[in-house]
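**Q** Chain by chain, the residues:
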Amino acid sequence: MSIDPAYEMVIGLEVHAQMLTQSKIFCGCSTAFGAPANTQICPVCSGFPGVLPVLNKEAVNMAIKTGLAIEGEVRMQSEFSRKNYFYPDLPSGYQITQFELPIVEHGKVLIEDKDVPAKVVGITRIHMEVDAGKSIHEGVVGGTWVDLNRTGVPLMEIVSEPDMSTPEEAGAYLKKLRSIVRYLEVCDGNMEQGSFRCDANVSVRKKGDPKLGTRCELKNLNSIRNVMRAIELEAERHIDILEEGGSIVQETRLYDANLNETRSMRSKEDAHDYRYFPEPDLPLLVLSEQQIATVKATLPELPDAKRERFETAYGLSHYDASVLTTSRALSRYYETVVEQVKAGGQNDPKICANWVTVELLALLNKENKEIEQSPVSATNLAKMVVRILDNTISGKIAKEVFASMFESGSDPDTIIEEKGLKQITDSGAIEAAIDKVLALNSTQVEQYRGGQEKLFGFFIGQVMKATQGKANPAELNKLLKQKLGG
Amino acid sequence: MNELTLREAADKLATKEISSVELTQACLDQIAKHNPTINAFVTVDAEKALAAAQAADARIAAGNGAPLTGIPIAHKDIFNTTDMRTTCSSRMLENFIPPFDATITTHLRQAGAVILGKTNLDEFAMGSSTETSYFGASRNPWDTQRTPGGSSGGSSAAIAANMAICATGTDTGGSIRQPASLTNLTGLKPTYGRCSRYGIIAFASSLDQAGPMTRTAEDAAMLLNVMVSYDPKDSTSIQSPAPDFTQALTGDVKGLKIGIAAEYFGDGLNDEVRAAIETAQQQYQAMGAELVPISLPNSGYAIPTYYIISPAECSSNLARYDGVKFGYRCEEPKDIRDLYFRSRSEGFGDEVKRRIMLGTYVLSSGYYDAYYRKAQQARRLIADEFKAAFEKVDLILTPTSPTTAFKFGEKDDPVQMYLSDIYTINVNLAGLPGISVPCGFDSKGLPIGMQLIGRPLDEETLLRSADAYQRQTDWHKRRVHLG
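Sequence order for the protein chains is A and B. If you count the first sequence from 1, position 469 lands on 468 in numbering that gives the first Met the number 0, and the numbers rise without skipping. If you count the second sequence from 1, position 393 lands on 392 in numbering that gives the first Met the number 0, and the numbers rise without skipping.
No lab work stands behind these hints, which were simulated from the structure alone.
Computed list of lysine-lysine pairs in DSBU-like fashion (alpha-carbon distance at most 30 Å, straight line):
id, chain 1, residue 1, chain 2, residue 2
1, B, Lys232, A, Lys133
2, A, Lys418, A, Lys368
3, A, Lys421, A, Lys464
4, A, Lys368, A, Lys341
5, A, Lys133, B, Lys352
6, B, Lys333, A, Lys133
7, B, Lys232, A, Lys82
8, A, Lys56, B, Lys232
9, A, Lys174, A, Lys206
10, A, Lys395, A, Lys418
11, B, Lys352, A, Lys82
12, B, Lys333, A, Lys82
13, B, Lys373, A, Lys82
14, A, Lys295, A, Lys174
15, B, Lys324, A, Lys82
16, B, Lys410, B, Lys443
17, A, Lys133, B, Lys324
18, A, Lys398, A, Lys469
19, B, Lys333, A, Lys218
20, A, Lys382, A, Lys421
21, B, Lys324, A, Lys218
22, A, Lys295, B, Lys232
Simulated restraints, written as ranges between beta carbons of each label pair:
id, chain 1, residue 1, chain 2, residue 2, range
23, A, Ala117, B, Pro303, 52 to 62 Å
24, B, Val291, A, Glu288, 40 to 50 Å
25, B, Ala369, A, Lys210, 25 to 35 Å
26, B, Ala57, A, Glu288, 51 to 61 Å
27, A, Asp412, B, Pro231, 57 to 67 Å
28, B, Glu289, A, Pro282, 34 to 44 Å
29, A, Asn37, B, Pro231, 23 to 33 Å
30, A, Pro299, B, Pro231, 29 to 39 Å
31, A, Ser29, B, Asn63, 34 to 44 Å
32, A, Glu288, B, Gln109, 38 to 48 Å
33, A, Pro282, B, Pro303, 24 to 34 Å
34, B, Ile96, A, Pro374, 47 to 57 Å
35, A, Ser134, B, Phe407, 39 to 49 Å
Built from N, CA and C at the ideal position, the CB exists for glycine as well.
All chains, full assembly: derive it from the sequences and hints.
**A** Set out below in structure tokens:
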């Protein structure tokens, strides 16, 4: 994507990550997704008169964990506030959130992607807040239904600095952030189900202009692709207006994925006055060094550290290492393959990486599956790699074995056995096949011996065909050379 | 029988001199006879009360009685009860039956107290006269042309009219102490966080506190024993051991240092009230306590501070009454905006609306710093000033209310009404315990109360001092005879 080169974009993102707690943030109700409407509610989360909130410690620990992972400052004292506004699916008439004193400030995230050079994006803050309910309009006649199951589900709002200047950077940032929260197991990162939601603040300015342009906030961005498309569109809209001598109106805009356009939702003039004030039902949230240390001890190895380790320990390229570390599950899968290959008496982390990044991910992508749903288990893939390395099958045959494993989920040895794919390493058998081929193609033999060495490949092909590809390539090469030379 | 103190009634129940059914019936008879005039109760459930009384009698017979078993009690209609509507004296919650009990309601049920019904209050506890109730004002049994105070005016009127032995109240700016003072009762506002707020319908969360309203300090101690608890469902609830408060009542105040702040005896204090308080001071001296002059100059900021913080919190706490989920909904709304607008316009009374608007204003962007933040700072100064004073004295003695009970409509200017809590509001802002104790009558025969303010969590000193005074005086023994 590209915009008028005279301009640059300034992009900041606000991500709402639903925390993977067992229960809601201020009561004991379940947070499980997809239950029938209003079956996971109690007087507390539905805002009945007389109720009071009690903070879920698990949510606090998840926010601390995320803060530590992005090298943010975790506040020893943070504060909850009420954000007041009327909405039918906000049962108490206010949202409990953090305002002046959020739990985390000043973090950073390193981004890079295929076309995105490495860059650090600042994190302004992470704060905790409750989710609201859901209004249902579809299929409802003469009114609106409200489902409060989601009310009180804990969210982290992760606010970036306006440090991104291309849609690709925004995409890379979201991928990285999602990968971090998934590593930490604090959020499932699922954008379609709304457990990882993003709003984008976009403005443009002439290159070199130190002053920020007027920004617009984009909402309804439910995939990384849509975030990128919406930012691009919005920047183009701004540039068009500016080029025509107009000025940008600060407003909130909705992205319509079907029409691929953004349109005005509300302007600054009718923005709400949320009348924030400290939540009187909750005391200051005071953390102890002990609590932070305990959370710190649970931090897993994070994507950046893991990628570096993969590069040095397994000799992988930067690119392969970053692909393999995008998710904790994928890196775990890869490392299992490497270990099991070792257990099988072989060792080749690079081949393992190739099989995972090229073959496996391609098929998974095609079927829209996650690594956790891979029909080929790490153990089976490792067995297959061992069979390549011990010359039981060739790399080429392996592709056939792999395709069959992906389809059936079976063990590679069974497939090799059943399909008779075992490589012929017996020199006698290969010799016999060579003799046969040479006898049938005497003209070519003469031509070869007359100096047309290109024909070597032809003989290899013929022998492979005769052995159904099972001849050991190295052995075949050696024997063929001997025969033709003779 | 219905004029007994809680202690007397408990003793007679324990020795089976009387039964709970008899006692409850006596209260119910008094209610039937006088509630139409006094209007102390919003809801009475005689059937359930008698059933509870029967159960209490059985429990006493089985030897499992506790000090409150079989005692008829009235709950301010702001405590959630699952078996009785909880209205907050508002049209908004006219037919609201909560799905859960308040923690205090639960404690009292478990102790075997017999709930007679729910008492009237200023709508959502906003007021000092019970005149803002959707169900009409309660009347002061000492003079039915006058208010019983507020907002717990229904509870004070119920006890003063001998319809109940004791009652619960809530105190946000004086709502237990002022009505106790105006009806010759003992009313205790414990330290903020001492009693659970869970299930009490919120007015101003950082100030609301439940407490006992009784005939004597000893009764208050007995009731407080059941009301005080740490509640994990209330994050502002204090985790502190609860003593047996009746054990504190030694009758001895020798050596106790009682602070007298000039700021509480300035203009606006009725002369007869002043004289009664001064006499009480001398009595304490005679009992061996020492009077220590102190100064609390920031007290002057109490009223403006309170009327910024409490409306701010109420504007938010009352946002849930929007016509969508429970309570009052206007007829045939055009759209969601109309639903909010008309439900709130029709469901709330004027005083509630006034405070919601005030609160909305002081929290709005551009005014927050000028009002709300300043008020928080003033609140801190007030609390600090008390803290410093309590390094010199053990408690502080002040009037409870600047006047005795006033007539209906007498304070039609809201600010005039707000000033009736001038001596009590500080205590809420600072989160301290305070008690109002009967200390005399004016020339019209209306009760006068004095207020004792204590250190945080030191309800024992308050109760001990109040009880010691009551052992020497008999103001608290005077009863109204309604005929």
